[in-house]
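Here are the chains, one letter per residue:
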Amino acid sequence: MPVIPINYYIFLSLALFTIGIVGVLTRRNAIIIFMCIELMLNAVNVLLVAFSKMHHVAAFATDRATTVGTEAQLFVFFIMVVAAAEVTVGLAIIVMLYRNIHSVDINFLNRLKH
Amino acid sequence: MNAIILSALWGVLMMYTGFATKNTRTVSVVALLGVMAVLVVNWMEYLGVSFFNIDTKGMLAYNGFGLIFNTVVLFSTLVYFLLSGREIEKAGKSPSDLYALIFFILSGISIIAGFKSLLMLFIGIEIISIPLYVLAGSDKSNLKSNEAALKYFLMGSFSTGIMLMGIAFLYGDAGTFYLEGVNAGLGALTPMKAIGMVLLLASMSFKVSAAPFHFWTPDVYDGTPTVFTSFMATIVKSAGFFAFLKLFEAAFGKFQADWQVLMAVVAALTLVIGNITAVFQQSVKRMLSYSSIAQAGFMMLGIFAMNIFAKQGMILYFAAYSIATIGIFAVLSKFKDHSIDAFNGFAKKHPLVAFSMLICILSLAGIPLTAGFFAKYYMLLAVIKDGNFLWLAIVAILCAAVSVYYYFRVVQAMYFKEPSHEEELEFSPSFRFILLGAAIIILVLGIHPDYLTGLL
Amino acid sequence: MHINEILFWFLTALALFSAMMVVFSKNPVHSVLWLIMVFMAITGHYIIMNAQFLAIVNMIVYAGAIMVLFLFVIMFMNLNAESEPQKSKWMKFAAVLSGGSLMLILIAALKDNDGFISSMRGEGSIGLIKNLGKVLFTDYVVPFEISSILFLSAMVGAVVLGKKESSTIVS
Amino acid sequence: MFAAFDNFPALLIWLPLAGGLISFFIKSEKTARAIAIVFSLLTMGVMMTSLFFSSTESFVYNQVSYVWLPNLGSSFGLILDGLTRVLCLLTALVFPMVFLLVPGNRYPNANRFYGLMLLTQCGLMGVFMATDALVFYLFWELALIPVYFLASIWGGEKRIKATFKFFIYTFVGSLFLLIGILYMYLKTSNGSFSLVAFYNVKLSDVEQYWMFLLFFIAFAIKMPLFPLHTWQPEAYEQAPTPVTMVLSAVMVKMGLFGLLRWLLPLFPLAVKQFNTAIIVVIVVGMVYASLVAIYQDNIKKLIAYSSIAHIGLMAAGVFTVKSVALNGAVLQMFSHGINIMALWIVADLIEKQTGVTKISALGGIAKKAPKLTIFLVIAAFANIALPLTNAFVGEFMIFNGLYLFKPWIAAFAGLSIILSAVYTLNMIKQVFYGEVVATVEGYVDINKTQAMVLTVITGLILFVGIYPDPFFKMMYETVGLIVNRYVTI
Amino acid sequence: MSKYVFLIPLLPLVGFLINGLGRNFLSRMLVNIVGCGVLIASFVVSLLVFREVAAPGATPMVIRYFDFIKAGGLDIQASFLVDQLSTLFLLVITGIGSLIHIYSTAYMHEETTPHYARYFAYLNLFVFSMLLLVLGSNFVVMFIGWEGVGLCSYLLIGYWFENKSYNNAAKKAFVMNRIGDLGFLLAIFWMLSQFGSIAYADVFSKASTAPVAVLTGITILLFVGAMGKSAQIPLYTWLPDAMAGPTPVSALIHAATMVTAGIYMIARSNVLFTLAPVSQNLIAIIGISTALLAATIALKQNDIKKVLAYSTVSQLGLMFLALGVGAYTAGVFHVMTHAFFKALLFLGAGSVIHAMHHEQDIMKMGGLRKKLPITHITFLIGCLAIAGIPPFAGFFSKDEILTAALEKHPVYYVLALATSLMTAFYMFRLYFLTFSGKFRGSHEQEHHLHESPVPMTLPLIVLAILSVVGGWIGIPAVFAENAHLLSNFLSPVVASVKPAHPAIHLSHTSELALMGGVLLLILVMIVLASKKFSKENIDTSAPSGFSAVLSNKWYVDELYEAIVVKPINWISSFLSRVVDNKLIDGLVNGVGKGVQFSARQLRLLQSGQVGSYILIMMVAIILFFIFQLFWKL
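Chains as they are written, first to last, in the numbering used here: chain Z, 1 to 114; chain U, 1 to 456; chain D, 1 to 171; chain G, 1 to 489; chain W, 1 to 633.
Fair warning: there could be bad hints in the mix.
Taking lysine-lysine and the BS3-like style, the derived pairs with C-alpha atoms no more than 25 Å apart in a straight line are [unchecked claim]:
hint, chain 1, residue 1, chain 2, residue 2
1, W, Lys300, W, Lys531
2, U, Lys349, G, Lys158
3, U, Lys22, D, Lys164
4, W, Lys371, W, Lys164
5, G, Lys358, W, Lys582
6, U, Lys144, U, Lys57
7, U, Lys144, D, Lys163
8, U, Lys348, G, Lys158
9, G, Lys368, G, Lys429
10, U, Lys417, U, Lys348
11, U, Lys144, Z, Lys113
12, W, Lys371, G, Lys358
Keep in mind the hints are simulated off the structure, nothing from the lab.
Taking the hints into account, I'd like the entire structure generated from these sequences.
In structure tokens form, the structure reads like this:
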């Protein structure tokens, strides 16, 4: 009976999430930053699925017909939906910026400050 | 529910108006009719007439509070359309698309007005945010606008990530996305719930531009075309606050003692940073961006206190703040030069507009007999009622005093200085009339806030 | 060791390594490829957890559609050169430090968690397409419909931003 | 017929308000001035009439209350009792005088000028009459805002900065007041802002201390008390003189009034705890202000510092909570208003004719304008509380109270009596006496209107100085209540 | 008659109002009639009242008019007290006042009518204040009059307002008076809190119930008041400067009114002082010091009015000595006689000045005896009176003081004697320099020398007569059976307290012997003065050495300038420039600047870099976590 503690998944997810954050902080290319954000979202997805599974397992012990956990998986689905929409708009913005300044380096975004 | 569906449909309608007519005026009129219609159906829902009977499995539920909030926001949008319609028309080649985006946002706000599930919160906020990224960048040939859009987008997505992480942890703890479910359970915070709460606090603070998550605000507000800054800073921000309030009331109400210190810190930081940084600004637009942070600080007090005064006060605050800010932005958007000096001697050239703007500024500064005073009054009352955080109230009033400093620089420019700019401005009679109307609404609410708060 | 556990560790290692490579690759195209790698690893995790629907969607939507879009944009901008200037050392250090401490703090807070995941036979039906689809179109039909608004707005937004307008650039 | 008429307080507020609003819509400057004069005289008439009608036998002479914000626990309550009568009388007297003194073509956009002035009057009346803390606060601010605009639009060269400082300073103070009021409101048993409900609040010692502090800061800034006074000289100097008159004659009394109506009755324990310290600071401030006044070379600033010293004395008297000092202080509030009014009139006339406010640049006006000089000398001696002028009675009683409180404080405070003579006489000597200097060649003596106003003022100075009894009869019951509350804790 | 008492002060007040308000309309004649008429009328009423009071069995009467201050536990009546002491003063004030008014009509004839009327208005007001002071039945009414005379002296000293130095003198007088007034005021408060009332009747009847320390305090404070008004050390310097006013005013201030207020006050409250020996000693010491100091200064003054002024200060010192040793009647007696001869001397000096066209330097006079015969005779009488030659008025009063001083302590006696001798010397120095020898002024002045007109000489003559006979009401017991008329008259009010164990008890014989000795010494002084100053050639060079110190008045004015005026000005400028502008206002502005500064610094956080924004957010989140997870849990 393979049992994986939920903490493994939590830590995995946190690690991915953190790597995403570090990426957001360290990179200057807007697209890469955006990709790191996608990485963060995926970390959340993993976590949600894991929790879904965890709750399901807990509920399954008493009720074999339980649907506990479905909502998290659907939530992941919605996250993907939103991510897709975001990507559409985000890439449109990046492309628009690229058209104007021929760069996607966020360090050049310094007209607005102070 | 009425409002969600109607505004979404109207958004679609707006998309097609662009094909049907090239006359931008017509588009504006259609949009105006639309927001009126949404306002009416929303009000009808408040009165008990619901056109759609959809089982949302409890993910959306409207009570009086939410509907009144929605009414206030929609009414503000109406004022916004009336005052800024012309500017929206000028903002892009196809105003119909921009109007459509605004209607989608309204639909998102209506979701926020009634969410009972973290899922709806998430979707609602995204429906609000994604069109906003676009609106921020709608002045495509302006690099500032581009920059604002990208900054807003990157940071907004990042905060979405934070929020989702929070939601995930909450789910992990509670096994449900329903707010009541999160609030249920033991009285103490488990680590997971605490983590989720802090992450949600951070991301919601981001949405309402509370310090130290506010940094996007000045840049984005400054870069965004003025007409949309106005929308962003008022209506959208109100929605953010409503979501914040509702989330923390319904999902973490039981743990108020646990998050209150954090909330107090955020509120105090927001007040201090917003107000103090605004002091130095030379551009009215940027000053207003900081002021919107400052005002957010005051609204944070409501979230911090989370009692009956806070809820009444938030509604009043939304109305007072939104209408006043929309009014000021509407005038500002007629200016090419956004520096304070551009307003020199404004009162001599356009006394009526200046007077209406004065009322708006006084309201923002919280001077009595304007709605802004009672809004702040409620916030302070809420904080003091809470008991142990009198220092927060003191910080708030000191910041309010600082705010007078920068708001009144505009007043000084308008009233006490000699005209220095040659810029000729035209204000149509209808604009002046509507602006005056907005000022009168502010005054009426300032003398009799019961008209609004009594509804709760 | 059960096969699931072995797979778990393998996929975890893969995901983490690939994620790091996303961040550290100099070449954006490589980053995209490494990200696809991460998604694959995650898909693997989904499969372990018997979330078949999500595994498929993740593969198709994310790794397939979205990442291709990214790749396309990067190629379009001709950013494949390793030309990106690096952020300052200070910033990198701060980033790693803050990221690391965030993780440490959270791990410290959560180390006593005692939930677990097991994969008994017969219990994993919730992740199946049939099951999820049913729930999606009954209980979750409202959010589903609402997300259409989201897509509409994203579409309109993309159109607004993508349309070519005047050519004078104001800075 | 009038015995049953109870709406005097309301009339006192609505008349100036109506006049002010009407005035905004009048284009002709002459008409605007006429309207201002008519409405202020009407107000004065109402005030005078109300003195003869009391609704009850008790100390409450007229009282009205309208429903306003029932949900908030606030009602629009107004009262005319002994204390209020004195101050409203002062307000009602000052405004017509100010309007009469302003010549028709003095200010551009005169309609707004008069409108704002009348709004100020409305605010002041409201502050004095409010029986509801929220109403009190609103009027407190309402009195401030028009003054800010008046001073900033029609003031002197450095007006914007000076008045802004004044505005922010007092605004900060009033925000503290707001917090105090809200706290008290939450402590009332039934969530009410009414004065009576506030009186019934039971506070712990520490709470009282805090609330005391919050209220006190607001009032202290408004008065202003040393060391919160630095806004005042600049503001007085820069504001147009009619506004300065209102500021110094009536507006500073808001703070003193606040002490009497709100601070003493609400927080007696705190008063008991702090009054020695506060009185010491105030008295030091009095001497300080007097010393600083000696150095001033600007008539307006001199009067301003002198006012700081005098107001300080009144405040110190109030804090002794001795019946005699309180009676004296209330009378002195009236007297000081009248006296400083006269001083400002003179300062204004001089500035108007010579364009100079520098003391050392003036001289010999007495030769050119003997009438003006007579009035000035009377006002100046009233300012230094010479017997048989109004200020003597009040100051005598306040000093008596101070003496009863702590003899050595009274002795130290007495220094200001001497110093006041020094700076006042210096000013008279330099400005009025001596050889006629170039700036005052061609000085013209006062005209009929000015003489009339000054005569009225002089009459009041002497009347109150010789026969103050009617005032004491008016106020002693109200003052007695305040003292009793303090004594019985 | 006493129901008309109110007329006594009211008439001068009416005169003041008529002359003051009508100064532009009234003719000079009308001004004269009103100005002098009211005083004479007032004098007549005073006489009638005096008769009533002097009648046997008359009791003091308190006449109430209205409540002045009746609030907050304070009950102060506007009421008058008519008794022996007040009526005596009434007579002196209105009587001498009338003479001075009459004198003024001629002396001030050069003034234009409005100013002339103004002058009379001031004079009337002055007399009104003084009468109020004397008539009041409580200390507050006295205080009102007290400050009133201060005001009037200010107005009169600064009468020629175009002259800056006159204004300075006026200001100095008022301010110095104010210093004393503060003491008086505090005494009033102390009495109020001690006795619950300030009516004389209440205070004096309860006086014995109060502790001695309290009484000492009260009396010292009262004496401080008297110091100011009656020009005692250290508050005397205003009086010589007050000579800036017109000469009749000096006469009024120095002789009949104002300066005697202090004596009156102490005599009035003798009950209190008697119970406070410490204060009595203080008064005696201050009095005698003042007397000596002023006398030494007077020795070397060259301004005719200044000499008289210092002589006044010196005589006042003697009066205080009398009060201090408990001889209240003697003090009052000397006030009276002094009023006569000092008014005479001043008016005489006025006459001289008038004749000399406003020349006041005695070094430029001389030999006026022939030109101004009436003035000369009357002035001589005045000098004899002040020097204490019998049977002139000064002799008796001064003798009474000396006797009382001797009985108290020999040192007082010796010092008082020295003062008297100096008095004789400087008065006759003045006399000889002015009237004998040869004229030292310009020819023009000599040409215009003439005797003054009747309105001026008439008062001189009347006063001269009074200076001669005025002393006879207080003839000591050594000379007559029915002696001490005055002290008997005043006995209901003023109980002269002889020391229970006098230091030296004098028999009648030794008293007479002492008188003789004193007289001899005084005569020696006069002779000395005549030797030195009736010469043809007077040394007019600037004094040197010790006499320079004297002629510069011991440099007291300079001392005050250095230790009081300068420091106050310096402090005032320091407070204004540094403390108020830099420190307090700087602090206030500093708050504003601080906000602006932090605004400038804080906005740097807004770097425009997405990375740093997110970093700050992360740091915040981490801190929140630490707080929420590890501090709270």
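Outcome of the hint check:
| no. | hint | in the structure |
| --- | --- | --- |
| 1 | W:Lys300 to W:Lys531 | holds (16 Å) |
| 2 | U:Lys349 to G:Lys158 | holds (23 Å) |
| 3 | U:Lys22 to D:Lys164 | holds (18 Å) |
| 4 | W:Lys371 to W:Lys164 | violated (34 Å) |
| 5 | G:Lys358 to W:Lys582 | holds (21 Å) |
| 6 | U:Lys144 to U:Lys57 | violated (44 Å) |
| 7 | U:Lys144 to D:Lys163 | holds (18 Å) |
| 8 | U:Lys348 to G:Lys158 | holds (20 Å) |
| 9 | G:Lys368 to G:Lys429 | holds (15 Å) |
| 10 | U:Lys417 to U:Lys348 | holds (9 Å) |
| 11 | U:Lys144 to Z:Lys113 | holds (11 Å) |
| 12 | W:Lys371 to G:Lys358 | violated (51 Å) |
Hint compliance for this structure: hints 4, 6 and 12 are not met, and every other hint is.
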